[in-house]
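For this one, chain A is given, so just place chain E on it according to the hints.
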Amino acid sequence: MLDPAVLARLAGLRLRVRATVEGVLTGLHRSPHHGQSVEFSEHKEYAPGDELRHVDWKVFGKSDKYYVKRFEQETNLRAWLVVDSSGSMGYRGQDDRLTKLEYACTLAGTLAHLLVRQQDAVGLAVFSGEVTGALAPRAEPSQASAVLEVLESLEAGGGTSLASAVRFLAERARRRSAIVVLSDLLDRDEKVLRLVADLRRRRHEVALFHLLDPAEIEFPFDDPTLFLSMEDDRSVEARGQDVRKGYLELLAAWLEEVRRTCGENDVDYVRVRTDQPLDEVLLPFLARRERSAA
Amino acid sequence: MSLSFLHPALLWGLLAAAIPLAIHLFFRRKPRAVRFPAIDFVMQARKETERRLRLRRLLLFVARTALLAAAALAIARPQFEATEARAAQGPAGPAATVLVLDTSASMAYRLGGRTLLDRAREDALEALVSLGPDEPASLVVCGGEGVPVADPPGFDRVALRRAIAEAPQGYGHSDLTTCVAAAARVLSDPAAAATARRRIVIATDMTASAWRLDAQPPVVASPAGPVRPEVALLDAARGERLGNRWISGLVAEPEPAAGSHGYRIGVTVSGEGVEAERDVPLTLRIGSGRDERMTLRALLELPASGSTRKALAHDFATGGPAVITVALPQDALPEDDALSLVVDVPRDVRVLVVNGAPSSVRHRDAAYFLEAALSGPASPVRVTVVDAEGFAKARLSDHDVVMALDLRAPGPKAAELVSFVEGGGGLFVAMGDDVDPDRWEAETKGLLPAPLHVVKTAAERGTPGSEGKAARLAEIDWDHPALRVFTGPAREGLESMRTWRYMLLKPATRESGSRVLARYDDGAPALVEARRGRGRVMLYASTLDPEWSDWTIRTSFLPAMQRIASWLAGSLDERRSVPGVVGAPRPIPLPAGTTIAAWIGPDGRERRGPALGVTTVTPDRPGLWQVKVRDGATGGERIDPALSFVGWPDPRESDVRRLEPAELTAWFGGEALARVASDGTAAGSRQVPLWSWLLLLAVAAFLSEGLLLV
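Residue numbers (the numbering used here), protein chains in the order written: chain A, 9 to 302; chain E, 217 to 926.
Next up, chain A with everything else stripped away, as it sits in the complex:
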């Protein structure tokens, strides 16, 4: 079990990612290598040592010269990891817990590692009020390290604008891609869900990891409390026990709406509590991915 509380004690994202990858791989039990394909890249003049089966006989018939086809190994998947690094993602209800951003980075790093490992191209987009960092998708082994490097440098801050990330992906992801969004969706833009659905309409495969701290779900406040916004200067004073019932009702209605909207738009929705073991989150997700690929 990849207990977040245990992972939280591991210093550094890389260690957490490595531990998570090993744990996940143990859980998968199957090799991720399959479904590879080869795509023509260019011709080159034949030289001794080239494989004869790559000689382009049609060109020889036209020009009597031996040219061999050069191929570029094609990736199975082009994936974008979209990580929300807004201020609200820096929240943790207890000190021994991962923040939502740390949890999201661990998930994203693990996914990057796994994808690269199976020779998929992985890209990264980080956003808060706007897209603050990006890596174009690549299938090179070094890509995982590059992604981790970016993720390690992230700090929660600023507002949330998923729209900026969607616009960024619309420009960059022209080919059909898998887009994995890791966010708490606490965007003041009420159309945030529609934006996610738009990605799906662009024929991308969209998965949404919706991260929530347990304190957000249970609202464990009783005494008079001054609640401060994590993204702007708003605040509100209330007795936790007075507003708990209303808060939980509003939260449940919103979560249900998110689930319903994702379902209607064929978005793979995964609700994640930050006290939830990571393998519990990733293994079902990866299993669904395998089934859909098959």
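Because the hints were derived from the structure by calculation, they are not lab data.
Label-pair distances were calculated between CB atoms; the ranges are:
(1) Trp262/A - Arg270/E: 23 to 33 Å
(2) Gln102/A - Leu226/E: 48 to 58 Å
(3) Glu264/E - Gln102/A: 23 to 33 Å
(4) Arg270/E - Glu160/A: 45 to 55 Å
(5) Pro232/A - Ala234/E: 20 to 30 Å
(6) Leu924/E - Arg299/A: 47 to 57 Å
Here are some chain E residues the structure puts well away from chain A; computed CB gaps all over 10 Å:
(7) Arg330
(8) Leu341
(9) Ala381
(10) Arg480
(11) Leu500
(12) Gly505
(13) Ala588
(14) Pro653
(15) Arg726
(16) Ser920
We put the beta carbon where it would ideally sit given N, CA and C, even for glycine.
Okay, now just chain E, sitting in the frame of chain A:
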């Protein structure tokens, strides 16, 4: 209505009601600052619940304040006071107050485990506590005969409180009309003139017998003229109907059929306001103190209201004064469930029958019939028969009565006989052929009630028509103690008696003090009595044998002879001890040469009056009272049983029927001036306690606060 407080100083506790406000203003807890991502939901939830929360906070504040304020107010014991009644009474202000405490016998009634007097004391003390510091007060204890006295209204609360607490339970009748008038006189005292109002507070059981509503209601003299006082009646019975059953009558009459010392004891039991009951035990006890023992137990059927009678019979072992007590099972008023009586049971009479003409033929022997009559099984008489010679040897002092039958003359015993009679002995003289009138007159010198004259023959017995010509008795003194037993058809036994011969008597002088008890139909005296010294002499003008008269075969002969013997011995004297009522002075018939030294009550305590001149005793409680006399000659003191008497409870106190409050308030001047408090709360005006409602409000506030916090 105005609001007053029993403990106004405790109103400072109301400041506690400000505690919730103070906490809200000064001790509000500072909220903890928390950075929270989903603040939009918190803001929205707060917005949606704000109105409800504000209302709840307000209700909580009200509930907590009400809880503290109600508790603080309740501790101060607030009460509403009717001001409309007070307005009718004239100016407001301090009132001079006289407390009247009813301590009469009916206040011993037990209700709910306590006597009514206990409750009345409590009510009076509470009324005293409710007085303001500027209101003078006094106390009238009402529980006996006479006009009670009281001090002018003052401010010595300690003395008043002690007097109320120590007021003893009385056993007599209380005339509350007189007591209230006495209270009004106290309020007329100049010491009370400084106060604006006059008030009488009466703690009583409101029994009707204590009031005389035909008398003038109380009036207080004031500088502005006579005014009616305010009156508060504190009902110690709390409006409940009282029921009682008591022995209302007890008489004891000799009953020869019951034995030589037999008595018929008539008991009357009365009831008021109680349920009818069957097989109620009624016990008869004889004796007093340690010697008292139960001798009889009868069952009664008692009606719900009214009276019933029961006759009991008892044969005393010996003569002399005896105490009888009849008792019912104790009820709420036990003092009247037993009644005693002192009975002077006649002693045995020793009779010396002197047969002047004994006959060997029994039916011709005068003494034969007399001895048979006096020696009956139920007779108190002990007979000794002697002839003339025996009479000469007899010692007269060994006998109570000498009955001389056909005796020629006393002869040498004449002087002793005169002395015997004057010393208290009895003498009965019957005629006969041997009687010598002249010698009797010469030897006894006026001892007989009238001098003997000559024998008259009304008819010769046995001759034709003699029955019709025989003399009959007429003008019989039926009221004489010796003849009182003949009533109704029994008188026929005397009236039908026929006499053929009888002694005519010379006219008696006025000084002789003779009294004719019966005459013959020709007017000649047949039975004459006279008092000689301390003794009595009775003369029968015919014989006690069948020679001259047929009385000996008449049914009247036996009782008449027994009664005459007892009468001459002095045991039929009117010495019946009439019971006295508690509180009523009773004259004591002292024997010559004695004075009252002391009297001992039922409680065993000896009471002594002034050294000289005391001839009456006033019993202050029911039961047997004994009188100790001092002999004038020797100076010695002894209890004289013959002077013992019984004090009975006043029957007016046993009747516990109560007056309607409206009747009393109307007598005092209407509801504007008087009111009856059946809840025992204090005096002067209509007061409604509020503290219990306030405690209820506090509890409701407490529960509301708990519900609001859920």
